[in-house]
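**Student:** With the hints in hand, could you dock these two chains into one complex?
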Amino acid sequence: MGGFDWGFTFVLVVNGVMVGLMYALIALGFVLICKATDVINFAQGEFVMFAAFIAAGVAGAGLNFWVAALVSIIGMVALGFGLERVVLRPLIGRGIIAVVMATIGLAAVLRGVAVLIFGPDTRAITMPVGDMPINLGIVSVPPAQLAGAVVSIIFLAVFSWFFLKSRVGVAMRAVADSQQVAMAMGINVRRYFALAWAMAGVVSAIGGVVWGAMLGVDNQIALVGLKVFPVVILGGLDSIVGAIVGGLIIGVVENLAAGYFDPVVGGGTKDFAPYLVMLIVLMIRPEGMFGRRRIERV
Amino acid sequence: MAIDRTEPTTAPGQIQLAVTGVSKRFGGVRAVEDVSIAVRRGAIASVIGPNGAGKTSLLNMISGFYKPDTGSIVFDGTDITRFRPSEIAACGIARTFQNIALFSGMTVLDNIMLGRHVHMKAGILSSLVYWGLAQREEVRHRARVEELIDFLGLQDLRRQPAGALAYGLRKRVELARALALDPKVLLLDEPMGGMNQEEKEDMARYILDVNEQWGTTVILIEHDMALVMDISDRVSVLDRGRKIAEGTPAEVQRNPDVMRAYLGGVAEEEQAA
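Each protein sequence line maps, in turn, to chains A and B. Numbering follows my numbering, in which position 191 of the first sequence is assigned residue number 191; successive positions increment by one, without gaps. Heads up, my numbering is the position in the second sequence plus 1000, with the first residue counted as 1.
Rather than coming from a laboratory, the hints here were simulated on the basis of the structure. If a hint is listed, it holds; no wrong ones were tucked in.
Cut-off 16 Å, straight-line C-alpha distance, at most; resulting in silico cross-link-like pairs (EDC-like, lysine to aspartate or glutamate): (1) 1200(B) to 1190(B); (2) 1067(B) to 1087(B); (3) 1200(B) to 1224(B); (4) 165(A) to 1138(B); (5) 165(A) to 1137(B); (6) 1067(B) to 1034(B).
Stretches of chain A that chain B covers, calculated by requiring three or more beta carbons in the stretch to come under 8 Å of a beta carbon on chain B: (7) 161-172; (8) 185-194.
A quick note: this is a predicted structure, and the numbers were derived from the prediction, not measured. A virtual CB, placed ideally from N, CA and C, is assigned to each residue, including glycine.
Bound-form chain B, shown alone (with noise of 0.2 Å):
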């Protein structure tokens, strides 16, 4: 594909990712339902939404991994909708997923390395036979692997085996992993799920790190009302795979459907345990 990555298309504060009326449905169950969300060059872009509400099935559908009944999704000007999920990731999208996903055997080097696999030029039969230029890419690409490292702060553990780290820590490996792509929008799927208030805080930090220093793109999905609130530039809310409120994270507040879904939804939820 060529892609330019070196300039970006969008300048900053313009839609960069539009996602146009997409939707769903999965047999009988509508997953997503008719959904556009547009998402500005630099923002922090939240969806925030009771359990099954859709959020999931929206960040497959921008990722390429499921692919839309109707709608379109954008992102720089290209129609990105059809895009295999390889693709979209040498477009400059990169995820993180709501189970920690990090191949476990590996080393956590060997995990952030191959979120470089997009800016390696050497092809499969090149590496193999010219030792020389992928060497020296090699040394390049861990150049820039290192400067995460540091920046998440993971230096001792370059060669633990990424499945032997505690829970927090596999979380921040695997958002080290998709900066890695030097991505310009960053999907981050329940990023601080699961994780103790103190964890969640150092989350939020790095996310807003991320956003500042690289001016990177974050679109995220998270459960805790409180930190969405308290870092996102926009919120999305999602209920049944519908789109039911959007705006800055004071409006969304304030709205009366937005409160109703989320306690009707903990209440449904406390039914149904």
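Only chain A is shown next, with the shape it has when bound in the complex (with noise of 0.2 Å):
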């Protein structure tokens, strides 16, 4: 081989914290979940989807990109409380197979309703940022991925801070570590059921409108689900710094992958290189870089 290209490696490294950012936003999505109702939502991809095909479908109708933001979020909010109430809450209790299943079915519904609703076409929303790429360096950048990475810190830092800090997230916290005792402090545990689906549907709306914003609007969009699962084990199913830093590094993996091996191969590694990292994960820490340990009592 020549010489280490260090522009390009930068380039690839540059892309892939962009696109991890998102990846970041999206798998918090799955993680508040996660972390307060112990629920695995495999429907976290068509939640990101549904809410870009709200966001597109309310600007295509000629209303303006942060009313239609704003009507993604209160759509998806109504979505989280709804789902909660009708699919989730009566299967609790019910086992994780139940739960999963329940979540994957979620899944094919929201996909084939979407269709249903908003027509096969690819549609697209259009941030008002412009589309003079932005120069950061040696790399340049398309502004609606750079809103996108500005937007996903905003979140991600937010988010933080209110599991850390705010009262309410602390009690969300506490759910999360034990129903029983958090009901025993008096919590009704049921409202934050609801509330960390409200919030998941908060987190997809912002990552749908963004994402789709990048990629275009169609069904195709909820296979970004399918990166919040190798985000998420390589972070912890319930950490939220897990989410971060699994985003990044699975972005940054990606972007490598199809810059250095894709051209090689052919093509391909870029999409199963993130799972291979999952896999190594999966068998030398399970719990992920920040996850809990659970410990069984017998």
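**Tutor:** Dropping the structure here:
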């Protein structure tokens, strides 16, 4: 091999970080639910997709971007509340398989319903940031991507603060830690479950709007959900810091694989590199970098 | 729930908590059978009995974790038999757990602050939206929590993760968290279990102080007969789910059924081991 191209690597890493922040934001939706309610939500990608469809639909009707984003957030909060109430609450205490299957079913339903309502065409969401690439030294990035990264950082920071410092966040951690003990503190556990789903709805809406603006909106967008699993396994299923670090690592790994291996082998490594990382993590540290080690009492 | 917490609805010395004829079965096992216990306001009432006597099941029914199959539980004139655990906590009944149940990843301070949850008026939404109110509340509650931290000598541990503390200290933090509810009735499930003699005596002192300073009614489940006899006003003895004796510590100690249950229980345990 010739000389190592630092410039090229730098571009790959910067792009990886940008996309990794998006993964982190989307994974955050997953982590919120897992943290508070112990549910593994296989429909996270579909949440993002649905949010993007709502925003694209509203924008397509001629309304402005901010209105579209707001409607998407409200719609997703309502969807989160509704699903918790109708689908997940009846399954409380029914075992992990029932819940997992329910969320997988939910994912399929959401994909279908989105096409039923919005049609199969690819739609666009245009962020009001122009399309002149922004120059960051060696790399120039599309403004939509930069805006996405900034939005991700803001939300990740807000949610980290929320869980660490705010009273509601601390109570939610208590619910996640032990529902029984939380009840003994007078905490209404069901209300916090609903809140977790609503918050996941907000995060998914933000993710959907930004991701949709970058990729265009059709039901393929739900595939981003597949990136959530390597991220959360790497970071830890119930850790916000884990989602951030995991998202960044997966984003960078994916881009490096795309830049260095894909040209050699003719493509494809970008898609499975994150899963390779996931498999390795599962073998050496199954609870992830920041996850709680669960101790089963017998 | 519209329960006025400031005004005691029961005068001192009157029956505050009346458990009447409660039973609980798990499959074919009769965990608790037709047990009645009446606790006077301001009393320290203990429930003793060998392993598997149904003590914790009884406590779980009072705190709402189990619903009794029969019988009723009345607290301050309100029938709480069917209340949810969170509602019972809001009524002013706090509890600790046999296997310490702290939120182990959180600091001692966060744990105790969570005990104030029932007193925080700002709801989920308003505290997300309206910071001022939530902040002011926070300060007020923090003052009460600091009192409890002083009371239990936890000053140096505020910022420590609860899970990292020594066993005896964790028991103490759990007591602080229960006290943070400002409970009218405090349910303690083996607060001295697994402690050495010195720690046990400290804990007994705290329980007496709580009872004296704040007039809190205490229902105590314990294994250690000697300590129970020292600090209790009334003692109830359970054996195999049934109440076999009740009275002052002196009366209970003289009761032949109690001797038999305890000695028999020990003998059986030893056989099993």
